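Engineer: Here is how the chains run, residue by residue.
2 protein chains.
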Amino acid sequence: MEKGCRFGTHRVLEPQGVLPQAAVKIDNTMTIRANEILVDVTALNIDSASFRQLEEEAGHDMEKVKAKILAIVSQRGKMQNPVTGSGGMLMGKVAKIGEDLKGKIDLQEGDALATLVSLSLTPLKIEEIKGIKPEIDRVEVKAQAILFESGLYAKLPADLPENLVLAALDVAGAPAQTAKLVKPGDRVLILGAGGKSGMMCCYEAMKRVGPTGWVVAADRGEASRDLLLKNGFCHAYFAEDATKPVAVLEKALEANHQEEYDIAINVVNVQNTEMSTILPVKDKGIVYFFSMATSFTKAALGAEGVGKDVTMVIGNGYTKGHAEITLQELRESPKLREIFERLYL
Amino acid sequence: MEKGCRFGTHRVLEPQGVLPQAAVKIDNTMTIRANEILVDVTALNIDSASFRQLEEEAGHDMEKVKAKILAIVSQRGKMQNPVTGSGGMLMGKVAKIGEDLKGKIDLQEGDALATLVSLSLTPLKIEEIKGIKPEIDRVEVKAQAILFESGLYAKLPADLPENLVLAALDVAGAPAQTAKLVKPGDRVLILGAGGKSGMMCCYEAMKRVGPTGWVVAADRGEASRDLLLKNGFCHAYFAEDATKPVAVLEKALEANHQEEYDIAINVVNVQNTEMSTILPVKDKGIVYFFSMATSFTKAALGAEGVGKDVTMVIGNGYTKGHAEITLQELRESPKLREIFERLYL
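The listed protein sequences derive, respectively, from chains A and B. Residue numbers for the first sequence follow the UniProt record's numbering, so the first one is 1 and each next one is one higher. Residue numbers for the second sequence follow the UniProt record's numbering, so the first one is 1 and each next one is one higher.
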């Protein structure tokens with residue numbers, strides 16, 4: 001077996017020189033290289049922006065959606081919506097593991113898995129579309145796909161329902177990074193704490209700061225106050241609009257005995273919340289931006305403008321073990337699991 | 001003396017609740033609070049985007065530019081170009097230090113300084129514009145300004161020419177962060193190494209990695225190869241277009257004995273160079289983005305797409321002592337100083 005590029009560039013057909021995600025056409029031949037994994041695919045979870053676009057273009061005719069998906073995959077070698085550019089993820093069973101990877105990764109042939117890299121870069125060949133469930137953007141298929149050596153996946157655990165696992169993996173990056181970042185005794189501020197990602201970050205921060213730390217949760221309104229405080233997901237809570245830095249700073253300091261924070265984590269899904277995250281943090285502290293609404297220049301120039309010597313980190317959706325760390329939260333905390341099952345399934 | 005907010009929010013007139021930079025009008029009364037500094041201003045260095053806009057609007061009539069600057073400052077209380085939003089910096093002498101700061105900072109009344117925070121947030125009152133030097137975007141004035149407690153400045157040293165100091169302070173953030181980030185033995189990749197900022201980062205990286213480290217410089221063309229290698233500012237050099245991640249990865253590994261890097265520093269001033277910075281770095285390594293052309297989402301989603309467990313940092317223009325660290329480079333290295341005087345004055 002020949003070895004391929006760990007990022008899959010050997011399958012890029014056009015244009016040359018780019019990574020598979022940026023390619024318009026990739027090679028979906030289902031013969032694996034020594035460092036690839038072949039997956040028998042049972043379902044595609046289409047990215048919701050992509051699914052909505054397909055549905056609208058097809059006038060909500062599911063047969064037309066099916067035909068469009070088949071056309072895209074046959075043309076591009078991957079399920080990347082040409083309008084939205086986005087993909088989704090897939091579920092299936094490991095059919096074959098390349099000889100270079102066998103025994104070196106925590107997968108065995110036959111394992112059930114979900115991919116954590118986008119369909120927009122995953123070689124895919126569909127034999128048959130068996131059904132579409134538009135209410136959950138799911139396409140049931142008989143298909144095969146290739147995972148590159150750099151490709152991320154999560155084994156689907158036997159002890160948790162599949163839908164719960166998928167809902168949690170959707171935001172796996174932020175809580176896992178929180179777990180690695182937060183140290184005992186830290187004072188941590190979490191902006192956007194009421195959302196799915198924010199709640200998991202709060203839970204993880206509480207666990208990591210231990211008895212000497214202090215976790216303050218904030219969100220726009222009062223809706224999440226009781227949920228977070230009563231379940232012990234934070235020590236204190238305040239409600240404020242995260243686009244108002246001066247007001248956030250005042251309330252954040254008040255909630256932390258007038259002291260600055262070691263770490264602030266931003267999971268707010270609106271623009272212009274950079275300064276609210278930067279101001280409450282002490283010099284040499286860490287500002288973690290997980291929101292995709294973050295502006296690089298607003299953060300960089302903003303911190304300089306107020307003379308804040310803080311380390312600002314771009315939230316990486318991947319960190320080693322992120323899926324395991326996140327699923328473990330649901331096993332550990334019946335309260336968190338109950339909230340998840342109630343709100344996100 | 002009453003104390004003000006360290007970020008200067010007590011001087012925001014409208015709209016309420018924002019920081020001075022975002023305000024359309026701030027209070028430029030030249031009576032200082034206990035934690036403010038009064039500066040007798042001799043010159044404004046207008047941001048080049050702002051100066052160009054003013055010049056064009058005025059049809060290159062310098063009397064009209066003068067009148068426009070006076071109008072902006074009288075209306076806004078600060079020299080923030082309403083079209084570009086940008087400011088610049090100022091030079092002057094310390095006239096008075098508020099009682100809370102006196103003896104606690106490294107400034108004395110009479111010291112010459114340059115501000116390192118933008119004019120777009122600095123209270124300013126102009127008595128007279130004495131002259132304009134359009135070739136260096138400089139406006140000579142009789143004026144006064146206020147520095148907030150959080151405001152950054154650099155004392156102008158007696159042993160270096162003012163123009164050299166200003167050229168270096170312009171990019172002070174990146175080399176100072178490099179100095180703090182790079183450790184002995186590190187393998188460091190610098191993309192955009194041929195520019196002013198890149199060259200200073202190279203110099204600083206070479207100093208910090210010591211005899212066991214390895215610094216690789218890269219830029220688009222061959223123009224900087226000799227300059228960087230002959231002056232000992234890097235161990236190896238390669239030329240590649242930073243928007244081509246696969247090509248950059250191959251050349252970067254080749255230049256580093258086929259190993260991944262501990263740290264990559266991006267000071268490339270074009271878009272779409274995120275993946276070229278991320279791919280050559282090893283897991284748990286650091287990716288430092290200093291380019292204002294960096295896209296937050298491209299970095300975040302890109303690292304996840306290739307399963308890279310790297311820490312990606314937003315380049316903060318400020319870190320403690322950044323001006324001193326940067327000026328020290330010019331004192332230490334006659335070669336660097338000679339290049340600076342030749343290329344950037």
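No lab work stands behind these hints: they were computed from the structure. Hints may be right or wrong, so weigh each one.
Just so you know, same-sequence chains aren't split out, so a pair can sit in one copy or run between any two.
[To be verified] Calculated cross-link-like contacts (lysine-lysine; reagent style DSSO-like; alpha-carbon spacing at most 30 Å):
hint, residue 1, residue 2
1, Lys298, Lys68
2, Lys298, Lys155
3, Lys142, Lys183
4, Lys320, Lys207
5, Lys251, Lys183
6, Lys282, Lys68
7, Lys284, Lys125
8, Lys180, Lys282
9, Lys64, Lys251
Since the model is a prediction, treat every value here as computed from it, not as a measurement.
Engineer: Determine for every hint whether it applies to the structure shown.
Structural biologist: Tested hints:
1. Lys298 <-> Lys68: between (39 Å within a copy, 27 Å between copies)
2. Lys298 <-> Lys155: Intra 38 Å, inter 27 Å, cutoff 30 Å: inter-copy only.
3. Lys142 <-> Lys183: Neither: 46 Å inside a copy, 52 Å across copies.
4. Lys320 <-> Lys207: within (19 Å within a copy, 32 Å between copies)
5. Lys251 <-> Lys183: For Lys251 and Lys183, only the intra-copy Cα distance (23 Å) is at most 30 Å; the inter-copy one is 38 Å.
6. Lys282 <-> Lys68: neither (52 Å within a copy, 39 Å between copies)
7. Lys284 <-> Lys125: Neither way: Lys284 and Lys125 sit 49 Å apart in one copy and 34 Å across, limit 30 Å.
8. Lys180 <-> Lys282: Answer is both; intra-copy 19 Å and inter-copy 18 Å each pass.
9. Lys64 <-> Lys251: Result: close neither inside a copy nor across copies, 52 Å intra and 46 Å inter.
Going down the numbered hints, you'll see the structure goes against 3, 6, 7 and 9, while the others check out.
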